[in-house]
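Chains as they are written, first to last, in the numbering used here: chain F, 1050 to 1145; chain U, 1050 to 1145; chain R, 1050 to 1145; chain B, 1050 to 1145.
Copies of the same chain look alike in the list, so a pair counts if it works inside one copy or between any two.
With a Cα cut of at most 20 Å, we get these calculated SDA-like pairs of lysine to any residue:
1. K1141 <-> Q1094
2. K1133 <-> P1064
3. K1141 <-> A1102
4. K1070 <-> E1085
5. K1060 <-> S1113
6. K1062 <-> I1090
7. K1071 <-> N1097
8. K1060 <-> E1116
9. K1071 <-> M1082
10. K1133 <-> E1116
11. K1071 <-> Q1095
12. K1057 <-> I1090
13. K1062 <-> G1117
14. K1060 <-> K1133
15. K1133 <-> Y1088
16. K1133 <-> E1105
17. K1060 <-> H1121
18. K1071 <-> R1081
19. K1141 <-> L1108
20. K1060 <-> R1081
21. K1062 <-> D1086
22. K1070 <-> L1109
23. K1060 <-> A1080
24. K1060 <-> M1082
25. K1062 <-> D1091
26. K1070 <-> A1102
27. K1071 <-> S1059
If you're looking for bench data, these hints aren't it; they were derived computationally from the structure. Keep in mind it's a predicted model, so treat the numbers as computed, not measured.
There are 4 protein chains.
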Amino acid sequence: MAMTGPYKYSKDKAPLLSRIKKIEGQARGIARMIEEDRYCIDIVQQLNALSAAADEVLLLILESHIEGCVAHAIHEEQGEAHIKELMATLRKALRR
Amino acid sequence: MAMTGPYKYSKDKAPLLSRIKKIEGQARGIARMIEEDRYCIDIVQQLNALSAAADEVLLLILESHIEGCVAHAIHEEQGEAHIKELMATLRKALRR
Amino acid sequence: MAMTGPYKYSKDKAPLLSRIKKIEGQARGIARMIEEDRYCIDIVQQLNALSAAADEVLLLILESHIEGCVAHAIHEEQGEAHIKELMATLRKALRR
Amino acid sequence: MAMTGPYKYSKDKAPLLSRIKKIEGQARGIARMIEEDRYCIDIVQQLNALSAAADEVLLLILESHIEGCVAHAIHEEQGEAHIKELMATLRKALRR
Chain F
1050 MAMTGPYKYS KDKAPLLSRI KKIEGQARGI ARMIEEDRYC IDIVQQLNAL
1100 SAAADEVLLL ILESHIEGCV AHAIHEEQGE AHIKELMATL RKALRR
Chain U
1050 MAMTGPYKYS KDKAPLLSRI KKIEGQARGI ARMIEEDRYC IDIVQQLNAL
1100 SAAADEVLLL ILESHIEGCV AHAIHEEQGE AHIKELMATL RKALRR
Chain R
1050 MAMTGPYKYS KDKAPLLSRI KKIEGQARGI ARMIEEDRYC IDIVQQLNAL
1100 SAAADEVLLL ILESHIEGCV AHAIHEEQGE AHIKELMATL RKALRR
Chain B
1050 MAMTGPYKYS KDKAPLLSRI KKIEGQARGI ARMIEEDRYC IDIVQQLNAL
1100 SAAADEVLLL ILESHIEGCV AHAIHEEQGE AHIKELMATL RKALRR
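Only chain F is shown next, with the shape it has when bound in the complex (with noise of 0.2 Å):
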């Protein structure tokens, strides 16, 4: 389905980056967490919020993609196939 990039997203890299560091941070301060026998619900508290900014990134990739790959296929006449993978890749993010 990949049409050859680069992609749109690749036009502004650093604040996807600068989340993902964000992300490794988070995974590093909770492994600290465990290591320092903190409380469980605020372990549970910071992985909660790991995973919801894992999120955000998630919907700021999926954004491009549609404005980007989806929308060039679509005026290519060749929006089917995009769509598909799209919904099932919503699919999943939706019963994670």
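Let chain F serve as the given structure and place chains U, R and B on it in line with the hints.
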């Protein structure tokens, strides 16, 4: 709410820490995919996998919290506040 | 696993039943929106609201399950099987 | 944002309406389970199934929205606002 630790999860930290290490590695892998202009949908799938992995750790910590802190509190006739805190945490996790 | 009822939620069914009635009404409202060719995104929002309402009932029943069945089992030193069942249920709810 | 209908889903309402009817039946079934003092976890599983069924309808309507309204707007060079609206809707669905 937090009883003074160590908590039940503390007795077996190694598998939790290795899961978190893996999540950290997934985050680094996603950063690399972005840097290498990989296809949007492939990145979204990896973000999904990362969140699913974080949810697994969340469930493991929650399980040991219930078996440990909550069960202990129930035995001491002090379950009510712990169950309220647990439900608030579940509500946030479901609603994330 | 099921202890013989009545269960804790049974002592106060009215609010649960009225929430379920409301969900039934939401479903009927969505059917009507479809019949009236209403805008897709407005229908999606109502479906979201319906699922959120179902999740609220789910959390209420789960709370009374923990306060009732699970707490009782823990008191009787039979918490383990109940907690396993609870975690399997939470895993499905998170992963839905 | 709403284009004037009828929308793409309108051309094939029968399967959507039959799914909604089934959800309505699931709600009635859950009310009956509560009235009959059925086991908490069994009720929670049915609530999970109801939400999953609502999510399936949500995905179907979203798919026809993207194939219809969004694709049309993209063809008319007016995709931007529709994509913003779509992303806001996806954010709410993921975060529900």
